[in-house]
Amino acid sequence: MNYHYKFEKILDVKEREKDEALSAYQNAIRAFENVARELYTLLKKKEDLESYQAEKMASGLSVQKIRHYRKFIDDMEKTINHYQQLVVKARNQMNWYQQKLQEKNIEVKKYEKMRDKDYSRFLEKLKMLEEKQADEISTQAFFRKS
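Residue numbers (the numbering used here): 1 to 146.
Source of the hints: derived by calculation from the structure; they are not laboratory data. Here the structure is a predicted model, which is why all the values come from computation and not from measurement. You can take every hint at face value.
EDC-like cross-link-like pairs, simulated, lysine to aspartate or glutamate; straight-line CA separation at most 20 Å:
#, residue 1, residue 2
1, Lys-71, Asp-48
2, Lys-14, Glu-107
3, Lys-9, Asp-118
4, Lys-100, Glu-15
5, Lys-44, Glu-55
6, Lys-44, Asp-74
7, Lys-110, Glu-17
Can you make the complete structure from the sequences, with help from the hints?
Right, dumping it as structure tokens:
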């Protein structure tokens, strides 16, 4: 007697959905990391530029150069603000995909647990059937000896 789980196809679909959710989550992580890395690079450039400007101002700097650096830093701050918003969006998206992945994991676990319980019941029935057959065989053997 072979075991067949009646919800096997549903479990396969749920596992496929979980794999797709995992892939989407991993893509969201990569997108978040890329945007965060770019933000870090911009912040580092801004910090380096401000320290360079402070050095130059200590040794004397023309008003034109001060304006130039200030304009460049202002533009960089706008870019940094934009990337900060992108980081927030990417983090929110990553968290959303993580939540979906957790939901899919829970669904798969439910079906796996149902399968395990069903398989246990199958084994119990199989054992009872074997015991019944063994009883019948021993009963027949007893009657043959009598």
